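Peer 1: All chains, full assembly: derive it from the sequences and hints.
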Amino acid sequence: MVGIIDYGAGNLYSVRKAFHYLGMKTTLISRAEELEKVGAVILPGVGAFGEAAHRLEITGLRKAIQLWMNEGGPFLGICLGMQLLSAYSEESPSAEGLGVILEGCRPVQGKRRIHMGWSRVSHQGDPLFRGISEQEPYFYFVHGFALPADTEGVIAVSAYGASFAAAYRTGNICGVQFHPEKSGKTGLRFLENWRKTWDV
Amino acid sequence: MGCVRVIPCLDVNNGRVVKGVGFENLKEKGDPLLMARQYEEQGADELVFLDVGATVESRKMTLMLLEKISSEIFIPLTAGGGISSEEDMRSVLRAGADKVSLCSAALRDPELIRRGAAVFGSQCIVISIDARRNGERWHACTHGGKRDTGIDAIDWGRRCRELGAGEVLLNSIDRDGTQNGYDLELIRAMSEAVDIPVIASGGAGTLEQLLDGVIRGAADAVLLASLLHDGRLTVKEVKEYFRKKGVDVPC
Chain L
0 MVGIIDYGAG NLYSVRKAFH YLGMKTTLIS RAEELEKVGA VILPGVGAFG
50 EAAHRLEITG LRKAIQLWMN EGGPFLGICL GMQLLSAYSE ESPSAEGLGV
100 ILEGCRPVQG KRRIHMGWSR VSHQGDPLFR GISEQEPYFY FVHGFALPAD
150 TEGVIAVSAY GASFAAAYRT GNICGVQFHP EKSGKTGLRF LENWRKTWDV
Chain Z
0 MGCVRVIPCL DVNNGRVVKG VGFENLKEKG DPLLMARQYE EQGADELVFL
50 DVGATVESRK MTLMLLEKIS SEIFIPLTAG GGISSEEDMR SVLRAGADKV
100 SLCSAALRDP ELIRRGAAVF GSQCIVISID ARRNGERWHA CTHGGKRDTG
150 IDAIDWGRRC RELGAGEVLL NSIDRDGTQN GYDLELIRAM SEAVDIPVIA
200 SGGAGTLEQL LDGVIRGAAD AVLLASLLHD GRLTVKEVKE YFRKKGVDVP
250 C
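For the record, the sequence lines run as chains L and Z.
The numbers in the first sequence follow numbering that gives the first Met the number 0, run straight up by one, and end at 199.
The numbers in the second sequence follow numbering that gives the first Met the number 0, run straight up by one, and end at 250.
These are computed hints drawn from the structure, not numbers from a lab.
Among the hints, a few may not be true.
Unchecked claim - Taking lysine-lysine and the BS3-like style, the derived pairs with C-alpha atoms no more than 30 Å apart in a straight line are:
#, chain 1, residue 1, chain 2, residue 2
1, L, Lys16, Z, Lys59
2, Z, Lys67, L, Lys195
3, Z, Lys67, Z, Lys28
4, L, Lys110, Z, Lys235
5, L, Lys16, Z, Lys235
6, L, Lys184, L, Lys24
7, L, Lys16, L, Lys62
8, L, Lys184, Z, Lys67
Unchecked claim - Reference listing, derived: stretches of chain L covered by chain Z, where coverage requires no fewer than 3 residues with Cβ under 8 Å from a Cβ of chain Z:
#, segment
9, 44-57
10, 178-184
Every value quoted in this text rests on a predicted model; they were computed, and no experiment measured them.
The beta carbon of each residue, even a glycine, is placed where N, CA and C say it ideally should be.
Peer 2: So this is what it looks like as structure tokens:
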């Protein structure tokens, strides 16, 4: 069972539908104790860093997720969910992230304030990208902030004006700045790989 | 420049795809699910669904349709047509849309943009602007282009951005369905006025005209309807042409 964190923000239905399409069972998690019944955790998210961090805090999910990760539970943060792994974000300087990554998120440097659309992702052959044929596959992005490309643990980068971290992995903790659930067959393959890695 | 997106648009009425000229004389074009599958197969970067039926029944059928399409097609979906409250937004997002497109309701109640962006995020709020030429400028219109609000379309785009919109879907009513080419001045003016993506719509009839929208109009994406529905072009052909001309498009 995959637990999708529901902290009242963001569109988690797409994420859910993609997992169902891949034959996985999901449940929505809005309280800390509900983490006990799942084998893996997805932190989706769109919207602002500060608001999301605040909601994780007041629901008690922040501590529960940190504990989950410390105990080796499989975790995948998607988009804002990846940014929340960081200590802070320039988007909401006073808000505190999950603190797994000591770096902070910075604004994207492209033509528009929001990087919206498909971009090439350059990866170094991490198993999460196994079977994705192209050298630099396209994934779908929608975000205004991202972690720096040279952050420790980054396994893939992309560029919008300047390069930024597209995927992160350290042990059981993964994060992707792109939306695998909206990246067509390539994205589904990525999620399938993630599932296999953790035998979810 | 980032990747340019090619976005098929399905105008839906009572669960069927329709298309008219200048927002009138709607003709049936086919089954939305089959067409969505076909466009995804051809390499569409996103899909837009606009419920053009004014009835509750048509709205319900669109929700069912979104539910079906989002269960098997995993690219971004935008839904619009008659969305006038946060509750409406929530119901299309629940049905599987990733973004909502607001038009008349936003002009009536601009704060709706701010409220929607606060709850669902800016990336979720697409403002559809139906612009009609008025001398050197353009006016924003509502009701499928029938009512002129007298509001300057470019100023309106800027205002929407300030209120938290994440994207502008810009339709030229004068050019819609004519295949005479985009209103490039309109696209360019909007693209320069806002720092959020602009999707060009209305009037492109050839590959060259589509490219014009991107190069001369500086659009971030092109919206296609009749050209695809009538089988005169495929998404794949558009993307291959763009690539050949040096525009970065995802495969």
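Peer 1: Output the numbers, in ascending order, of every earlier hint that fails for this structure.
Peer 2: Of the numbered hints given earlier, the structure breaks none, since each of them holds.
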